[in-house]
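Novice: Whenever a hint applies, use it, and build me the whole structure from the sequences.
Protein chains: 2
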Amino acid sequence: MTSDSGRRSITGFSNPTVKALRALREKKHRKREGRFLAEGLRLLTDARESGRLPETLVMALGREPHPLLAALEADVIAAGGEVIETSADILGKITGKENPQAVAGVFAEFDTSLAAIDRDRSPIWLVAQALRDPGNLGTMLRTGDAVGAGGLILIDDCADPFSVEAVRASMGAVFTQQIAQATWDEFLPWLRAGQGQLVAASLRDAVPYRGAPYAAPCFVLVGNESRGLPEEYEAACDLRVTMPMKGRADSLNAAVAAAVLAYEVLASLEG
Amino acid sequence: MTSDSGRRSITGFSNPTVKALRALREKKHRKREGRFLAEGLRLLTDARESGRLPETLVMALGREPHPLLAALEADVIAAGGEVIETSADILGKITGKENPQAVAGVFAEFDTSLAAIDRDRSPIWLVAQALRDPGNLGTMLRTGDAVGAGGLILIDDCADPFSVEAVRASMGAVFTQQIAQATWDEFLPWLRAGQGQLVAASLRDAVPYRGAPYAAPCFVLVGNESRGLPEEYEAACDLRVTMPMKGRADSLNAAVAAAVLAYEVLASLEG
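One line per chain: the protein sequences are A and B, in this order.
Numbering-wise (the numbering used here), the first sequence opens with residue 20 and increments by one.
Numbering-wise (the numbering used here), the second sequence opens with residue 20 and increments by one.
These are calculated hints, taken from the structure and not from any lab test.
Each hint should be verified, as a subset may be incorrect.
The list treats identical chains as one, so a pair stands whether inside a single copy or across any two.
To be verified - Within a straight-line C-alpha distance of at most 25 angstroms, the following computed DSS-like cross-link-like pairs (lysine-lysine) qualify:
#1 265 x 50
#2 47 x 116
#3 38 x 50
#4 46 x 116
#5 50 x 112
#6 265 x 47
#7 112 x 265
#8 265 x 46
#9 265 x 38
Please read all numbers here as calculations on a predicted model, not as lab measurements.
Specialist: As structure tokens, then:
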């Protein structure tokens, strides 16, 4: 290992830094360190352009030079961060991918309290309850970015938005969408302390989702992948809407339901 | 191992039948055997009600009795199939899940040639090109069921619709949606030999997706998760539509894009 003003190279699999970075793929280590991993130049460039720099940048030796990578490296050094060069094999061990991209970054986790949410920022917010699949969670962040949502509020026991899978599926939206984690008993008083229409995708006492009276700021709520929303949560909503279900199934994938509904809300509010 | 008119029990992990069933989690073995696995009473009941019975039913010893499971078992025996009882541990080894559901089935793969598609069956069809993620594939099948699509046509090198992940994500739609696999050079002449509007989610030369002139039978085409559709494929489409992208990203998750577009087509054709 050599070191020179924020730069060093690591050549051994058993290096403690490699172990520490690799451990960030597990939730308990992320929570203990308050750090998470993001991989790939595109994701890291999205982060940089959103004002988020990694504390540590890990780059594979033998990567192709790239002006965006050079700019990222310079910004990380200028901000007092660390740049580590290592082999593609070790980078793969850190990220858990057989074909890792040439660069990964370690970021400090953000504040995910409801206090971090500025509801005046956007007319649309996504809300998920007990969402268990990190891919669905990341996809909801990505959809939120696309519809101009302010962010994603995670109710009760959801997957970790800072997991490698969620970060990857978000396609960079983890850096641009505001994210909060709260219990239902925290969320509802917070919501009612200000403006906000809570809309559930539901089968009970629901109106057709097209042409429903959406109002900004509109909070689009979807439930757990298996069980849907608890009945009392649905009852607390201002509006319950339903999408056509023409086939045998009675529900959509949670991220799909959120997207179909969010695009309808967007069209309604802009129309 | 004991056997009695289509019923037997297996108690050993190293039993050849266990190995053969477990191997069906891998594509090469599925293709060689022409068989695939589906897990869970709900999925198997969906299959049964759609007229698809497993050739082999594997049930965990000590499971809760259930009338739908009893009906399934009786139908499998009546159809000349086989019912295997085994431990929950062995069932978990077969399905690759730590907490397997109490039942799994082995099905013969269906005909997935374009000849299997009856385009007059439905006004909406989903088409995916080089879709790599089995979860996205299964989600598209599930969405297809919901919008009343006839099925899913897989173009070029897509994930396997009979993989455990795709079957699971389809929530039973793998048994109700027609599925075809074809190259682009096979698909386009087939499409043009009959009625059919090919619609691409696209950024090039596209009109807004809302209010676009959709026509039945409408074939909704989405491209690969990373690269999108090849330009020449988009050029061959009858209609190119675009969804609002309000944020930093320029695309949606493929299954999300298909769903938002398919629900718009449904509303347009019914409206």
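Novice: Each hint should be assessed against the structure and marked as holding or not.
Specialist: Quick rundown of the hints versus the structure:
1. 265 x 50: Intra 43 angstroms, inter 32 angstroms, cutoff 25 angstroms: neither.
2. 47 x 116: Both: 20 angstroms inside a chain and 22 angstroms across chains, each within 25 angstroms.
3. 38 x 50: So residue 38 and residue 50 pass the 25 angstroms test inside one copy only (16 angstroms; across, 39 angstroms).
4. 46 x 116: Both: 17 angstroms inside a copy, 20 angstroms across copies.
5. 50 x 112: within (20 angstroms within a copy, 32 angstroms between copies)
6. 265 x 47: neither (42 angstroms within a copy, 34 angstroms between copies)
7. 112 x 265: neither (45 angstroms within a copy, 36 angstroms between copies)
8. 265 x 46: neither (39 angstroms within a copy, 31 angstroms between copies)
9. 265 x 38: neither (50 angstroms within a copy, 39 angstroms between copies)
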